[in-house]
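K.L.:
So the sequence lines, in the order shown, correspond to chains A and B. At position 151 of the first sequence the residue is numbered 151 (the working numbering), and the sequence of numbers has no breaks. At position 137 of the second sequence the residue is numbered 137 (the working numbering), and the sequence of numbers has no breaks.
Bear in mind the hints are in silico, worked out from the structure with no lab data behind them. Please note: incorrect hints may appear among the correct ones.
[To be verified] Computed from the model, here is a short list of chain B residues facing chain A with C-beta under 8 Å:
1. A48
2. F50
3. A71
4. M77
5. N83
Quantities reported herein were computed from a predicted structural model and do not represent experimental measurements. No residue lacks a Cβ here, since even glycine has one placed at the ideal position from N, Cα and C.
These are the residues of each chain, in order.
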Amino acid sequence: MAARAERLATGSTGRAIPGAAWPGLLLAAAMAGLVVAAFASLLGEVDRASAVAALGDSYLWRVVRFTLLQAGLSTLVSLVPAVLLARALARRPRFPGRALLVRLLGLPMVIPVIVSVFGIVAIFGQAGIANRIGAMLGLEQRTFLYGLTGILIGHAFLNLPLATRLLLPAWTSVPGETWRLAAQLGMRSGAIFRLIEWPLLRERLPGVVAVVFMLCTTSFAVVLTLGGGPAATTIEVAIYQALRFDFDPSRASLLALIQLGLSIVVLVAAQRWTRPFDLLAAPGRPADRPDRGGAPGMIMDSAVILVAALFLLLPLSAIVAAGMAWDAFAIWGDVRLWQAAARSLVVALAAGTLSVVIALALQISIRRLAARGAIAAGRALDLAGSIVLGLSPLAVGAGLFLLLVGLVGPFRWSLAPVVLLTALLALPYAMRLIGPPLAQSAAIHDRLCASLGLAGWNRWRLVEWPQLRPSIGFALALAVTLALGDLAAIALFGTPQNATLPLLLYQLLAGYRMGEAAGVALFLVLLVMLLFVGIERSVGGRRLVRH
Amino acid sequence: MFAIELGDVAFRYEDMAMRFTLTVPTGAFLVAFGPSGAGKSTLLNLIAGFDRPLSGRIRLLERDMKGVPPAERPVTMLFQDHNLFAHLDVAANVGLGIDPGLRLKAADRDRVRAALAEVGLERFEHRLPAQLSGGERQRVALARCLVRDKPILLLDEPFAALGPRMRDDMLDMVERLRRDHALTVVMVTHQPEDARRCASLVAFVLAGEIRHVAPPEVLFGVRDDTALDAYLGEVEAS
Numbered sequence: 001m002a003a004r005a006e007r008l009a010t011g012s013t014g015r016a017i018p019g020a021a022w023p024g025l026l027l028a029a030a031m032a033g034l035v036v037a038a039f040a041s042l043l044g045e046v047d048r049a050s051a052v053a054a055l056g057d058s059y060l061w062r063v064v065r066f067t068l069l070q071a072g073l074s075t076l077v078s079l080v081p082a083v084l085l086a087r088a089l090a091r092r093p094r095f096p097g098r099a100l101l102v103r104l105l106g107l108p109m110v111i112p113v114i115v116s117v118f119g120i121v122a123i124f125g126q127a128g129i130a131n132r133i134g135a136m137l138g139l140e141q142r143t144f145l146y147g148l149t150g151i152l153i154g155h156a157f158l159n160l161p162l163a164t165r166l167l168l169p170a171w172t173s174v175p176g177e178t179w180r181l182a183a184q185l186g187m188r189s190g191a192i193f194r195l196i197e198w199p200l201l202r203e204r205l206p207g208v209v210a211v212v213f214m215l216c217t218t219s220f221a222v223v224l225t226l227g228g229g230p231a232a233t234t235i236e237v238a239i240y241q242a243l244r245f246d247f248d249p250s251r252a253s254l255l256a257l258i259q260l261g262l263s264i265v266v267l268v269a270a271q272r273w274t275r276p277f278d279l280l281a282a283p284g285r286p287a288d289r290p291d292r293g294g295a296p297g298m299i300m301d302s303a304v305i306l307v308a309a310l311f312l313l314l315p316l317s318a319i320v321a322a323g324m325a326w327d328a329f330a331i332w333g334d335v336r337l338w339q340a341a342a343r344s345l346v347v348a349l350a351a352g353t354l355s356v357v358i359a360l361a362l363q364i365s366i367r368r369l370a371a372r373g374a375i376a377a378g379r380a381l382d383l384a385g386s387i388v389l390g391l392s393p394l395a396v397g398a399g400l401f402l403l404l405v406g407l408v409g410p411f412r413w414s415l416a417p418v419v420l421l422t423a424l425l426a427l428p429y430a431m432r433l434i435g436p437p438l439a440q441s442a443a444i445h446d447r448l449c450a451s452l453g454l455a456g457w458n459r460w461r462l463v464e465w466p467q468l469r470p471s472i473g474f475a476l477a478l479a480v481t482l483a484l485g486d487l488a489a490i491a492l493f494g495t496p497q498n499a500t501l502p503l504l505l506y507q508l509l510a511g512y513r514m515g516e517a518a519g520v521a522l523f524l525v526l527l528v529m530l531l532f533v534g535i536e537r538s539v540g541g542r543r544l545v546r547h
Numbered sequence: 001m002f003a004i005e006l007g008d009v010a011f012r013y014e015d016m017a018m019r020f021t022l023t024v025p026t027g028a029f030l031v032a033f034g035p036s037g038a039g040k041s042t043l044l045n046l047i048a049g050f051d052r053p054l055s056g057r058i059r060l061l062e063r064d065m066k067g068v069p070p071a072e073r074p075v076t077m078l079f080q081d082h083n084l085f086a087h088l089d090v091a092a093n094v095g096l097g098i099d100p101g102l103r104l105k106a107a108d109r110d111r112v113r114a115a116l117a118e119v120g121l122e123r124f125e126h127r128l129p130a131q132l133s134g135g136e137r138q139r140v141a142l143a144r145c146l147v148r149d150k151p152i153l154l155l156d157e158p159f160a161a162l163g164p165r166m167r168d169d170m171l172d173m174v175e176r177l178r179r180d181h182a183l184t185v186v187m188v189t190h191q192p193e194d195a196r197r198c199a200s201l202v203a204f205v206l207a208g209e210i211r212h213v214a215p216p217e218v219l220f221g222v223r224d225d226t227a228l229d230a231y232l233g234e235v236e237a238s
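Turn these sequences into a full structure, and let the hints steer you where they fit.
P.N.:
Next up, the structure:
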């Protein structure tokens with residue numbers, strides 16, 4: 001049966017399942033065309049003389065070096081605690097509050113990055129809690145946040161939870177027999193780590209390292225806000241500065257091309273080392289294992305879990321606490337907040353819908369191509385949908401920016417390019433959420449549908465939609481949420497007159513207007529949660545009974 | 001008159017080349033058995049039109065089937081599992097056999113009820129597949145085959161997941177439906193005793209070809225084919 005399911009999923013010679021693949025092919029071609037056009041406009045803007053001068057310029061290489069340095073260090077400070085935390089969580093299935101903590105690990109992924117940054121500033125900033133506790137202990141007040149330290153704290157806050165969630169399934173994949181065998185053989189903690197846990201981690205770690213490194217090289221909001229100056233600038237932020245402050249298209253293009261080259265190298269490396277795993281999988285149930293008895297292990301695990309929980313919970317609670325303070329409520333009466341909220345809603349809903357529609361069209365075409373045995377063409381479509389995951393938003397955005405400046409002139413556009421770019425940024429997630437259930441539905445139902453003559457609209461209405469609703473609802477909720485939190489696209493294409501909520505929050509933070517920023521941060525979080533739950537419930541519908 | 005004629009039909013799946021020649025008289029109950037991977041399911045997929053032959057000819061009821069899509073062939077097929085849509089109730093699952101858009105008139109609903117009664121499932125109309133046993137699900141699928149009103153019924157290891165008692169009951173039901181509706185039945189199985197119970201013809205499939213076709217009493221008496229002997233011996237031993 002397994003062989004047959006696989007055969008149905010991957011297709012075979014001459015399978016006769018009808019259906020046109022051209023809508024997806026057309027879309028993929030349009031997207032590829034857009035990226036190529038953007039790329040071409042980058043190449044066109046590089047002025048050869050100044051490029052050669054820039055390549056010899058120490059500034060450029062300093063930026064590149066710093067980008068790699070901070071990404072490497074960020075990966076280190078995220079991954080090492082993540083391994084410790086994941087192991088502690090796997091060893092302590094009945095730790096009080098464990099389930100809640102595991103769920104909270106998913107939060108930094110949906111909360112807008114700029115809001116997380118606000119929480120971090122509230123804890124670790126000059127007037128933050130960390131400094132106040134230091135003052136009580138008689139330490140001198142210091143600003144340590146801005147610069148490399150701030151970037152590392154920010155990236156750890158975002159990526160430690162993600163890495164933990166990606167690593168946890170390594171433990172749940174260990175069969176119960178293995179633990180019973182370990183108990184029978186009298187294995188102790190060290191032997192268990194060496195013989196059971198490390199081999200599993202070794203399989204997963206390279207992929208997780210690649211994902212985190214990739215996210216840190218192309219990270220924008222954290223570096224922009226916590227980098228704090230020219231000494232701590234990455235390529236991503238330098239592109240933004242070159243376009244929006246110096247208007248130096250040549251330098252911006254050069255930086256964007258370097259960034260694209262860099263992210264392609266990381267992407268290829270990641271694909272090489274990564275076994276496919278689910279970015280959004282929920283960690284499963286932990287197993288019973290024999291090395292939980294000893295007091296030292298208990299103390300160490302508890303310490304790891306507590307410290308990690310504090311590191312995550314403090315900024316999160318600071319967002320809520322500061323947002324509820326008296327001076328934060330002033331912003332609720334401010335027209336800027338409501339205008340930004342309206343723009344954010346329009347952009348997020350449009351971008352999220354666009355993203356899910358493209359993902360659906362691509363996945364349906366991939367499925368049809370697979371049914372015809374055209375696997376390579378299907379792979380190409382899949383790559384087209386995921387390509388932006390690795391490419392930097394600012395580099396692609398810079399190309400689009402210069403293309404538009406050439407076509408319509410600077411800032412003579414509305415929020416359309418923001419919608420387009422954020423839709424592309426959310427596309428890889430939508431692809432991954434919609435693809436597997438769609439392929440599974442095909443594997444199970446293709447022959448039955450063909451024999452009943454169920455095709456086209458009837459098949460969509462009676463078979464796909466009822467079965468895929470939960471996946472589509474979740475994908476749309478996630479895509480809308482991601483678009484709602486975007487700072488990169490709006491920073492590049494927006495102006496203070498058409499700011500969205502994240503841009504408004506950034507402007508307030510940059511002006512040290514912490515009270516108003518607190519109000520906007522909490523408002524944004526509430527909006528994100530409202531939209532996420534609302535879309536998942538309404539579009540996703542109730543879960544279906546399955547046999 | 002022949003319901004099914006395969007003339008030197010060639011097909012390739014990965015490295016496995018297959019070549020089938022077979023004629024099934026109208027009204028026959030043919031049971032094809034053989035080891036897994038022999039090409040039994042491919043044989044059904046070719047007849048039903050899910051797989052396209054590389055060469056050769058397929059005629060059903062004396063009509064050439066080249067280019068005829070699965071839904072328009074005089075064939076209906078029961079799979080081993082996933083015959084039903086989990087989110088649609090029993091009546092809707094059967095109704096799909098009448099109209100793939102589920103726009104059913106009152107008369108159509110009566111036909112659905114009648115077909116369900118024929119397989120012993122009256123009053124199951126509004127249940128969901130998850131609330132049925134494995135045998136009941138296959139009976140719902142059989143009811144849908146009935147309303148599709150096609151003269152050829154293909155069964156792809158349809159009762160492999162059921163217990164022996166239930167399997168025998170189901171086979172008897174198929175045999176009864178064959179007689180009542182004048183169907184031609186082709187069933188694939190890897191259990192020779194299914195063939196002994198109700199087949200009028202038995203085919204032994206091995207390595208992508210049909211080694212023997214004969215009435216059961218003849219085929220099970222063949223003693224000069226070591227491959228067949230070995231297979232029958234193996235199945236009996238297990």
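K.L.:
Would you mind marking each hint as holding or not holding in the structure?
P.N.:
Here's how the hints hold up against the structure:
1. A48: Holds: closest Cβ of chain A sits about 6 Å from A48 of chain B, inside 8 Å.
2. F50: 5 Å, holds
3. A71: Holds, because the Cβ-Cβ distance from A71 of chain B to chain A comes to roughly 3 Å (cut-off 8 Å).
4. M77: 5 Å, holds
5. N83: Holds - the Cβ of N83 of chain B comes within 8 Å of chain A, reaching about 7 Å at its closest.
This entry satisfies every hint, going by the numbered hints stated previously.
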